[in-house]
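**Student:** Using the sequences provided together with the hints, build the complete structure.
In case you want the letters, here they are:
Protein chains: 2
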Amino acid sequence: MKTPIKVTITGAAGHIGYALAFRVASGEMFGPKQPVILRLLEIPQALSSVHGVGMELEDCALPLLYDTVLTDDPAIGFREADYAILIGAKPRSKGMERKDLITENAKIFSAQGRAINDHASGDVRVLVVGNPANTNALIAASNAPDLNPRQFTAMTRLDHNRALGQLANKTNNLVADIKRMTIWGNHSMTQFPDASNCLVNGTPAYDLVSRDWAIDHFIPRIQRRGAEIIEARGLSSAASAADAVVDHVRNWALGTPEGDWVSMSVPTDGSYGIEEGIVFSFPVTCKAGNYEIVQGLEIDDFSRSRLRASEKELREERAIIEDLLH
Amino acid sequence: MKTPIKVTITGAAGHIGYALAFRVASGEMFGPKQPVILRLLEIPQALSSVHGVGMELEDCALPLLYDTVLTDDPAIGFREADYAILIGAKPRSKGMERKDLITENAKIFSAQGRAINDHASGDVRVLVVGNPANTNALIAASNAPDLNPRQFTAMTRLDHNRALGQLANKTNNLVADIKRMTIWGNHSMTQFPDASNCLVNGTPAYDLVSRDWAIDHFIPRIQRRGAEIIEARGLSSAASAADAVVDHVRNWALGTPEGDWVSMSVPTDGSYGIEEGIVFSFPVTCKAGNYEIVQGLEIDDFSRSRLRASEKELREERAIIEDLLH
Chain L
1464 MKTPIKVTIT GAAGHIGYAL AFRVASGEMF GPKQPVILRL LEIPQALSSV HGVGMELEDC
1524 ALPLLYDTVL TDDPAIGFRE ADYAILIGAK PRSKGMERKD LITENAKIFS AQGRAINDHA
1584 SGDVRVLVVG NPANTNALIA ASNAPDLNPR QFTAMTRLDH NRALGQLANK TNNLVADIKR
1644 MTIWGNHSMT QFPDASNCLV NGTPAYDLVS RDWAIDHFIP RIQRRGAEII EARGLSSAAS
1704 AADAVVDHVR NWALGTPEGD WVSMSVPTDG SYGIEEGIVF SFPVTCKAGN YEIVQGLEID
1764 DFSRSRLRAS EKELREERAI IEDLLH
Chain F
1464 MKTPIKVTIT GAAGHIGYAL AFRVASGEMF GPKQPVILRL LEIPQALSSV HGVGMELEDC
1524 ALPLLYDTVL TDDPAIGFRE ADYAILIGAK PRSKGMERKD LITENAKIFS AQGRAINDHA
1584 SGDVRVLVVG NPANTNALIA ASNAPDLNPR QFTAMTRLDH NRALGQLANK TNNLVADIKR
1644 MTIWGNHSMT QFPDASNCLV NGTPAYDLVS RDWAIDHFIP RIQRRGAEII EARGLSSAAS
1704 AADAVVDHVR NWALGTPEGD WVSMSVPTDG SYGIEEGIVF SFPVTCKAGN YEIVQGLEID
1764 DFSRSRLRAS EKELREERAI IEDLLH
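Protein sequences, first through last, are from chains L and F.
For the first sequence, my numbering assigns the number 1464 to the initial residue and increments by one for each residue that follows.
For the second sequence, my numbering assigns the number 1464 to the initial residue and increments by one for each residue that follows.
In short, the hints are calculated from the structure, not lab data.
There's no promise every hint is true.
Claimed, not checked - Covered stretches of chain L (chain F as the covering partner; in silico rule of three or more C-beta atoms under 8 angstroms from a C-beta of chain F):
1. 1483-1494
2. 1518-1530
3. 1619-1630
Unchecked claim - Mimicking EDC-like on lysine to aspartate or glutamate, the simulated pairs with C-alpha atoms at most 16 angstroms apart in a straight line are:
4. K1633(F) - D1670(F)
5. K1633(F) - D1530(L)
6. K1562(L) - E1776(L)
7. K1562(L) - E1785(L)
8. K1775(F) - E1785(F)
9. K1633(L) - D1670(F)
Here a beta-carbon is modelled for each residue, glycine too, at the ideal position from N, C-alpha and C.
**Tutor:** This is how it looks when you write it as structure tokens:
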């Protein structure tokens, strides 16, 4: 029998967490032969609700789900975690300034970083989904002195998948036929969805669609897709966000396909001129639990200005919570 | 390339439909190599919401999802459907009598039966989830004169899985170690969850748990589990119901494991003394798209009285909508 993988999900009673837990437990994240143990961590006010999630998980009779732990104690929630998916975050309330949103979440994610440092597996891999995801990941990593910052990532996979969907739609192809999509920067309005390296059935995307289409339609639509979903559904993206979590972690754990890459927000290392000290989305390849930033892509002036804009935003976010960094 | 399987889901913007659509589209129902086309059928008032579901499906960049059709027209929604999952139903509103609930839904499901008859594949397989599921399935089948009534089933798989979960919990085993659970009768409070044939790691369940436990705890808990979930979550079961849909259809399409069976509500044929004319849950084995009721199980006096009670309820439901049957 394979050793079960322990997956901690915070905010598991929320819409994304609820959509995610069942997909992890049914084997979509690590494959049909890999048992999992779920540790669902919630705030005290959501304990009854997450208890209901636990009951529904039990009601699924899922053969791969070896155990489910429900708790509001981070020491229990992160204990021996192999993967920590940090979804729970303080949402922006009416009249709240962006600076306050960043500061409030910084407190949550610095505490979670410490708890992960103290209780999780030394090899834990962390994915931050709760916004502002990139800066929350930076804070968590900075508060986990015994871990490598590379173990902390933030999610731009939903943006990546959205971009694949839009390009597939525009070119009337299947998403499976498109490779080498890239999301650069922050998971925010400054993100840069970049189709310039994409291959559609082996043909460069810009042989099939114009750069004007990319600039005028594709890029802004991906940047604003979250709002478009809210308008249609009356609720923010949940199932698609959960799907992106599954994709992000599965690729990280099991690897990316040969000849393709995915987008992950990871600590900067100087690649593409983005200096250290922030968590920034890059094209990455993954193999057996490791990721490497794809090197050597051409960055033209237009792209450079987009990367700089997102970098600038992330450095501003960093400045707001500088006192919580170590 | 495999021909995509066309799956129609009604009520796709509701909680169960929302939890289900993404799991079907990601390959959980028919396996990782089988493309699917989703046809999401909603009532006109929910079109904006189901449009949002369609956008989120696009945002997942799922390689197996070849197309998504969003409509409020049953002629389009059921067109060439290989599988029709009927979730949308009129819920019980405050002060509504059970008789009125049955009558209101009978109108919906007789119309859907006709639409399926006229537009779906001749081999369509139908699963009714919307309550009262068994009688709704009976009505739909009766209004589809060109189809075999055996193509219409109702869902007791959630009850079946809940029963597996409870027995696994009680005996401290994994659900994968338990075989031959049975739900008999109606998907309602009169259902009879029957562990008397269960094997737990090969050992008869009643060598491990007492019949008194089954009667006093197990049976009533499964019957009332839906209410227990609502109390904890503040919402009815959604992800676990969607999971049961995946299980029901996957087993029907791809078969049940050797030596085990599942519970499905199917048209009665005289098996176990339940006369024709209702849709009743039995233990069934499935193989390549067909199901057979497991024959020859011993039914003691206690079990017989439970089967009769559920049969009586289903005949009463039938009497209420008799004028809609053909």
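**Student:** For each hint, tell me whether it holds in the structure or not.
**Tutor:** Now for the hints, and whether the structure bears them out:
1. Here's how the stretch 1483-1494 of chain L fares: 5 of its residues keep a CB closer than 8 angstroms to some CB of chain F, so the rule of at least three is met and the hint holds.
2. Figure legend: the stretch 1518-1530 of chain L, annotated as covered by chain F; annotation consistent (10 residues with Cβ-Cβ distances under 8 angstroms, at least 3 required).
3. Restraint check on the stretch 1619-1630 of chain L versus chain F: 7 residues with Cβ-Cβ distances below 8 angstroms, three needed, restraint holds.
4. A distance of roughly 13 angstroms separates the Cα atoms of K1633(F) and D1670(F); the hinted pair therefore holds under the 16 angstroms criterion.
5. Distance hint between K1633(F) and D1530(L) is fulfilled; the C-alpha atoms sit about 14 angstroms from each other, no more than 16 angstroms.
6. At roughly 12 angstroms between alpha-carbon atoms, K1562(L) and E1776(L) fall within 16 angstroms of each other, so this suggested pair holds.
7. Restraint check: the Cα-Cα separation between K1562(L) and E1785(L) comes to about 12 angstroms, which is no more than 16 angstroms; the hinted pair holds.
8. Proposed proximity of K1775(F) and E1785(F) is supported: the alpha carbons are some 15 angstroms apart, at most 16 angstroms.
9. Between K1633(L) and D1670(F) the CA atoms are separated by roughly 62 angstroms; this puts the pair beyond 16 angstroms, and the hint is violated.
Violated hints amount to a single one, hint 9; each of the other numbered hints is respected by the structure.
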